[in-house]
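Chains as they are written, first to last, in my numbering: chain A, 1 to 645; chain B, 1 to 286.
Don't read these hints as lab results, they were simulated from the structure. C-beta: ideal position from N, C-alpha, C; glycine also. Be a bit skeptical, because a hint or two may be false.
Stated by the list, open to error - So the derived list for chain A, only partly shown, Cβ under 8 Å to chain B, looks like this:
{"no.": "1", "residue": "Lys372"}
{"no.": "2", "residue": "Trp435"}
{"no.": "3", "residue": "Arg436"}
{"no.": "4", "residue": "Phe453"}
{"no.": "5", "residue": "Ile574"}
{"no.": "6", "residue": "Leu576"}
{"no.": "7", "residue": "Gly591"}
{"no.": "8", "residue": "Pro630"}
Stated by the list, open to error - Cut-off 30 Å, straight-line C-alpha distance, at most; resulting in silico cross-link-like pairs (BS3-like, lysine-lysine):
{"no.": "9", "chain 1": "B", "residue 1": "Lys75", "chain 2": "B", "residue 2": "Lys242"}
{"no.": "10", "chain 1": "A", "residue 1": "Lys587", "chain 2": "B", "residue 2": "Lys270"}
{"no.": "11", "chain 1": "B", "residue 1": "Lys242", "chain 2": "B", "residue 2": "Lys200"}
{"no.": "12", "chain 1": "B", "residue 1": "Lys211", "chain 2": "B", "residue 2": "Lys200"}
{"no.": "13", "chain 1": "A", "residue 1": "Lys20", "chain 2": "A", "residue 2": "Lys597"}
{"no.": "14", "chain 1": "B", "residue 1": "Lys103", "chain 2": "A", "residue 2": "Lys597"}
Here is how the chains run, residue by residue.
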Amino acid sequence: MSSATVVQQHSVPQPAQHGKPGGMIRHFNVVTAVILGLVLATIFGFLANRLVPSGATGATFAPVLPDVGFLAILIGWVLGFMIGIGAFIGPFRWLMGRDLTHADAEYLAGKDMGVGRYFRYTTDHKVVGIQYLVGFMVIIGLGGLLAMLIRTELGVTWAGVFSPDSYNTLIGTHGIAMIIAMIIAISGPVGNFIVPIMIGARDMAFPRLNALSFWLLAAAVPCLVASMFAGGIRDGWSVYQPLASQSPPGMIGYQITIIVFAISTGIASVNLMTTILRMRAKGMTWARTPVLVYGIFGAALMGLYAFPFYQYSQILALSDRIFGTSFFNPVEGGSVWLYENLFWLLGHPEVYVILLPSIAVCLELIPVFMRKPLFAMGFAIAGVVGVVIMSGLVWAHHMYMTGWAPFANYPFMLSTEMISIPVGFLVLVAIGTLWRGTAWTRLPLMAVYAVIFNKMIGGVTGIYLSDVPADQFFHGSMFVVAHFHYMLMGAGLFGAMAGIAFYFPKMTGHILDERMGSIGLWTAFAGFQLTFGSMFVAGLQGQPRRVLQFDNLFNISNWLSTIGAYTIGIGMLIFLAAIIFSWRNGKVASGNPWASKSLEWQTPTPVPLENFTVLPVVTERPYDYGVPDPYATAQKTSSDKAGVQ
Amino acid sequence: MAHQTLFDSDEPEAPTNRPAATGRIREWVSRPYARAILILTVVIGFVLLPLAWLILAAMNQTGAPASPIMEEIEKTVFWFTIVSIPMTAFVFAVLVYSLLGWKRISSDDPPMQESPAIRTNRTGTIMWTVVSSVLAFFLVVWGMIELAAITANSYGTIPADQQPGDEQPLIVNVTGQQWVWTFEYPGYDGATTPVLYLEKDRPVYFNVTSKDVIHNFWAVELGVKIDANPGAATQTGVTPTKAGVFNVRCAELCGLHHAYMETTIEVLPKEVFAAAMREMGGGKTS
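The whole structure should be built from the sequences, with the hints applied where relevant.
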């Protein structure tokens, strides 16, 4: 590290270099990870088969073999994959008493390594950001494919395309895959790649934990895919007990995925929060910190307190399944309401984990394209803080109709309706920044318009659902499905598209193709309105969610929904094509193609390994765009003329 | 352009101080963009207004409202729609006007032209905060009152032997199991039926439970919905006020044939109901 400001007063003894830089990690990459994962999975599966011989029965006198075997295979896979990628080499070196030398650290960060660094346990935050971006696109592609299959079943009303079991597997896997994808959608790529540069840091606070968080995710998602071949997740993404205990071993795939993913999220959250708290550039006071940083920080904070509930719920459910405990089994004194509480204690903050970075990235890019400062930044921060605090107090609005605690419906209705105030602040800041600006109508800004439109519809339909009497009709109907797709997809995913389009030049060095990207965006947007607009109607007519067969009354809205869904699919494929095409041979981007004033755009593209040769000092507020307001000037001059301050 | 008059140095009466609030509002409304956005808001608001009735029309397609609870629900939905239209219309108006009204540049290079640096606006932010708080407060108060009303209408807080009405309330034990509903009438020799028979204008009290997994008992047109939990009984109730055939659906994913776990409700006049009960084996009335 050559920082000009550090004065070397006395020489510090440096750790000795053992062998080539990097040491053992040189031998590990994604290929060894997959091989070792498969090998350990096979060994563990074989051992489980020996230990619990065929025909053994568990506490409930049901054969347990497939469960134990599948669990062993998944544990073997995760362990083997993490060993094979080199995740345990750091602790191993400490045990050996060897510290990393400077050359080791540079090797780990992927210095001069070429494309290979994307397939390794690389610590550079920019590599992790790109890995997250690709991981996000892969998972959302999987979830999107499942969505197309769901809509095919629901659209082709005259023929049963899927069996009920396959259909239930589709909706469960689609749900959880999309939730995972949307949680990492912005916090992953933008949070890892952009935020450290934006705050003027050389890397994340814990670079090796950063790599760990991504590779844990990479180990977790194959478990989800594997579960589809072991009977599937047939119980929706919420996998309510005791229904889930009836499921085939595929449920274990869900539980292992969540347990591992929660560790990944926890590590990523701590890392992001520490980076933001401790590593902002000199002079970057909280007032000078861009709003995206607040948004990512809020999302990380919510993830940190929410995910443990989810993890516990799945650990307890797994324990019920394997060891015959009865946390959630009502026959043996367990409680289904306990599961619902644990689940929704994650479930609602998680919605804001998805939504907050998406809105924050929109607020971040509006000033650049409107050439004016962010309107009422204090309100934006108040909105973020309010959402973070209140998101933890609203979970039981998912349980209004469970009969769990009828009188608790009053306070939860209160808190749920109050959360519209901080969310409203974020809308105020967005439209206040659009106010009287000269719109530079490029793709990222246009996506923001789509986000605000969808956000309003999602928000207004949300107030029906927050109200207990109205929820008594809407709960568990297609109306709910349409509402949360407006929030998570309409605001979340379109916001992610805005963010990707905006940061694409910095991340890849190429401009995202404007024409193709716009065609994809607006095709998807049109399809989105048709799909979920029709779904609102189906919900109003009284169609329950998660059904594969329904009355003729609901046919028309479901046909329209399916047509819309295919349109979304086409639009998303066009957008994906734009990304791939632009990444490979798009127009080469300059360091600052949007003429932005924030720190991340002042670095050269591609961003050098340690981002800044000399760490920057921040002296101004963010969003210092614009010229004096002619109206304000007019008023001032006229009052000056009258001799009044 | 209105700008011209503002910059005009020989105005007849220059403001002597910060203008009074009414004057400032009048000045603001006189700006062309403000006027356009207000007009747009009104136009969009009126375009959205039919939604309030269309939503109810969609909800009423199968015969709702068939109970006072459903009437309360529909009243809530109607007024929430009305209340949320102005704010939605205003945001949509700003979106439309910022694309079509204010200046727009679509060049490949960043625009050289900067926009007015409006960092905040006290009147605007205060108004937004006040309006959104008032709206949220309205939602809460309305919700609390309506929740109390439907709780009373569903007899959720009243013990089973003190039910309202001239005669004994009808008690129905609802049991969900994969994937059928069973309705038991303790007042009629414990007769059980796969179809829910109710008597018009007679309060009915449901004890809902499940034999296996969580189901959700949804009497669609009656506006009744409550989970059927294994190992616990939940209570709710309703007074059907409209004779006819309505739907029961399961609104909680309960496994393989969740989609087929539906049956019908027959709300019958008093004599017909008694006859139906006798036919089902419940000879004793009440």
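Status of the hints after comparison with the structure:
no., hint, verdict
1, Lys372, "4 Å, holds"
2, Trp435, "7 Å, holds"
3, Arg436, "6 Å, holds"
4, Phe453, "7 Å, holds"
5, Ile574, "20 Å, violated"
6, Leu576, "23 Å, violated"
7, Gly591, "13 Å, violated"
8, Pro630, "6 Å, holds"
9, B/Lys75 / B/Lys242, "17 Å, holds"
10, A/Lys587 / B/Lys270, "78 Å, violated"
11, B/Lys242 / B/Lys200, "6 Å, holds"
12, B/Lys211 / B/Lys200, "29 Å, holds"
13, A/Lys20 / A/Lys597, "42 Å, violated"
14, B/Lys103 / A/Lys597, "22 Å, holds"
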